[in-house]
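Q: Full structure from sequences and hints, please.
There are 2 protein chains.
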Amino acid sequence: MPMHLNTRDAHFEAEFRALLGMKREEAEDVDQAVAAIIADVRSRGDAALVDLTARFDRLTLTSGTLAFSKAEIAAEIARVSPEDRAALELAADRIRAYHARQKPADESWTDATGATLGWRWTAVSAAGLYVPGGLASYPSSVLMNAIPARVAGVERLVIACPTPGGAVNPLVLLAAELAGVDAVYRIGGAQAIAALAYGTETISPVDKITGPGNAYVAAAKRRVFGRVGIDMIAGPSEVLVIAGAGQDPDWIALDLLSQAEHDESAQAILITPDEALAHAVAAAVAKRLESLERRAIAGASWANNGAIILVRDLDEAAALSNRIAPEHLEILTDDPEALGPMCIHAGAIFLGAFTPEAIGDYVGGPNHVLPTARSARFSSGLSVLDFMKRTTIARMTPDALAAIGPSAERLATSESLQAHGLSVRARLDRLNRQG
Amino acid sequence: MPMHLNTRDAHFEAEFRALLGMKREEAEDVDQAVAAIIADVRSRGDAALVDLTARFDRLTLTSGTLAFSKAEIAAEIARVSPEDRAALELAADRIRAYHARQKPADESWTDATGATLGWRWTAVSAAGLYVPGGLASYPSSVLMNAIPARVAGVERLVIACPTPGGAVNPLVLLAAELAGVDAVYRIGGAQAIAALAYGTETISPVDKITGPGNAYVAAAKRRVFGRVGIDMIAGPSEVLVIAGAGQDPDWIALDLLSQAEHDESAQAILITPDEALAHAVAAAVAKRLESLERRAIAGASWANNGAIILVRDLDEAAALSNRIAPEHLEILTDDPEALGPMCIHAGAIFLGAFTPEAIGDYVGGPNHVLPTARSARFSSGLSVLDFMKRTTIARMTPDALAAIGPSAERLATSESLQAHGLSVRARLDRLNRQG
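Just so you know, the sequences run in chain order P and B.
Going by full-length UniProt numbering, the first sequence opens with residue 1, and the numbers climb by one from there.
Going by full-length UniProt numbering, the second sequence opens with residue 1, and the numbers climb by one from there.
Read the hints as simulated data drawn from the structure, not as lab findings.
Remember, it's a predicted structure, so these values are computed and weren't measured experimentally.
Pairs involving identical chains hold if they fit within one copy or between any two copies, as the list cannot separate such chains.
Derived SDA-like pairs: lysine to any residue, alpha-carbon spacing no greater than 20 Å straight-line:
| hint | residue 1 | residue 2 |
| --- | --- | --- |
| 1 | Lys23 | Asn322 |
| 2 | Lys287 | Ala426 |
| 3 | Lys287 | Asp429 |
| 4 | Lys23 | Phe225 |
| 5 | Lys23 | Gly226 |
| 6 | Lys23 | Val224 |
| 7 | Lys23 | Pro205 |
| 8 | Lys23 | Ser43 |
A: Right, dumping it as structure tokens:
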């Protein structure tokens with residue numbers, strides 16, 4: 001049974017806080033094992049990758065076969081059906097079009113003192129994308145990570161994807177090709193992250209690593225952070241549906257279950273002012289669960305982490321949504337554009353009954369890598385900006401330095417940083433002598 | 001003696017790699033102590049803050065005196081000289097003007113299918129700024145952290161600053177006032193970070209914590225990351241000066257020493273194609289060091305971490321600069337605008353002989369919180385964006401869903417996510433029945 005809350009209840013606040021504080025995931029303590037794996041890859045390079053891949057993925061590689069060859073990729077891709085290819089191409093095109101609009105602009109201006117100021121955006125030179133193996137090997141995630149990197153202008157873009165027993169998802173390789181990935185290495189786990197961060201004889205190091213992974217991958221990303229940039233460590237996925245009267249309970253049930261079927265620790269929450277709808281959705285979820293392929297997972301997620309919250313009105317729904325700061329927020333009301341702007345903490349918002357969250361997972365255009373675990377309060381989904389960085393630029397003229405230099409000198413003195421002050425003073429003295 | 005390298009030498013590459021790999025800072029292992037402090041603040045709140053502040057800062061506080069009162073702040077600020085105030089105001093105005101241009105734009109558009117797509121930027125609701133006590137209590141850093149937060153639209157902005165023995169820098173309080181900070185708490189160390197992240201009876205939790213600190217502060221920020229957002233953990237500061245023939249060796253020496261005087265682990269590097277200039281700078285550094293107040297620190301930094309690299313030409317200088325990815329890059333050449341665009345990895349660039357790096361520390365306008373330790377390859381200096389987050393927005397019309405929904409359904413099926421597919425299919429079926 002999911003939690004049932006009602007804002008009119010006296011104990012609502014305590015229950016809502018319990019929901020917010022719910023710990024849905026136990027962190028596995030794999031840090032020592034990961035540290036050893038990283039040290040091994042740093043010291044033995046390719047040889048360590050070959051050994052670790054034999055042990056963990058039951059696959060015998062050599063330096064020469066760490067990467068898929070062009071022929072291997074072509075052969076795998078040839079197995080993809082035309083329908084799957086068309087769907088993936090449509091997704092890639094839409095994701096590319098959306099992210100192309102995110103490219104930031106350089107700026108440069110001259111202020112009243114004559115100083116030229118501004119900034120310049122440049123791409124990270126090389127990026128590595130981790131793609132999990134097995135069941136969680138999602139071609140859509142390849143597109144969502146690789147396309148923003150390419151749009152940013154990353155020169156070298158590689159994938160690490162474990163292939164347990166040699167098995168690979170042909171759609172992953174097709175997605176890599178559609179996104180313009182330069183190489184796909186059949187390595188996984190902490191050893192793959194170490195190879196991407198530090199490099200080996202065969203694999204050049206990258207500057208940024210993104211992409212989801214298991215506890216070993218997450219721990220390895222934390223460890224190499226600083227040496228390279230990483231994306232956020234994603235937690236279990238979440239959806240919040242705000243629904244008004246008159247919405248279809250079956251559609252809402254399916255949207256909740258789309259989240260729940262990912263993972264037992266996923267969380268699906270419905271907030272509605274309509275008690276009848278709340279009951280209808282609960283019934284529809286139970287009904288749909290009966291025939292769902294992943295009913296064990298989805299059922300456990302819904303029972304343990306799900307919630308239905310009855311509110312007085314939609315304003316209250318928006319206020320609660322801001323406290324939850326959901327990864328995905330669906331607004332199914334008569335006028336979703338009116339409520340949307342009141343929801344200020346959310347990774348992605350889906351407006352109206354014809355925008356199920358699953359659209360955003362695949363073909364909507366926006367990124368599906370989004371902040372989880374209430375981190376939408378302070379962070380954003382993956383974007384082109386994650387593969388770029390900004391260099392600030394300043395140029396003083398003699399006049400500009402004469403105008404603002406004395407203040408810099410004064411502040412340097414107040415901070416007891418004498419050389420800072422002298423570096424300005426030496427120039428001002430020259431200008432004064434010339435003046 | 002700083003390292004002397006020459007790209008014409010056979011062993012240059014090995015020496016340059018040694019320079020790049022130089023470990024300038026030993027990480028203190030304070031993680032266990034920090035974990036205990038955080039747990040104490042989480043369980044005992046204000047009482048823990050009072051006890052820890054008595055122990056570490058020799059200062060007796062109560063819940064009521066954790067924050068400076070308005071009267072205390074006014075009394076401290078009254079001690080600031082008019083000249084210092086004017087300098088700080090000029091700095092604040094220039095930093096505000098620069099950062100105001102960083103505010104990102106929301107976007108919304110309708111694509112060919114009729115889908116409305118876009119994104120919306122919103123501010124983090126509450127931010128906490130850590131300001132070190134004692135010698136490293138820099139008013140300029142208060143401005144550099146607090147002003148971007150205010151420009152972003154952060155509603156509640158507070159400072160934590162330890163006041164050992166009760167001592168506070170009046171300029172820090174003035175900077176806080178000029179930047180529009182809402183409260184200043186006289187707490188420091190890991191306990192301050194814990195209070196900002198988790199809250200106590202007196203201190204409401206924030207969503208984002210920025211600002212420099214010692215090993216305890218850095219370890220605490222790492223630990224609360226995820227619960228709140230943090231800025232990057234800054235390493236020792238660095239400057240790279242690229243200088244062409246004809247530049248003033250004394251100015252360059254002072255710029256190198258501005259960096260070196262921060263910290264023994266700071267790094268100052270000169271790259272020049274002009275051997276005579278290289279010698280003249282080395283001599284000028286030695287001469288300036290004789291009379292510098294912080295000559296012990298600056299001398300150790302220059303001797304242990306400094307370097308002079310002789311190159312064939314300025315193109316080679318830019319290429320090496322990109323491998324170093326310096327926090328600060330000064331380009332002192334006849335045509336710095338020509339070389340600037342070739343330098344693609346740098347936190348901040350200072351163009352021309354009249355733009356000493358110290359200008360950027362105080363009054364230039366750009367932020368002085370910048371990526372260290374080669375992380376300019378993948379990250380940027382502090383900006384307004386660090387206090388904002390982006391929510392992506394999508395709205396499908398029935399026509400849009402009919403156009404792209406089948407591809408989403410197909411991809412969901414290929415990823416074995418049945419409910420995802422059904423959530424789209426249920427809507428498409430309705431449309432087909434209606435159509």
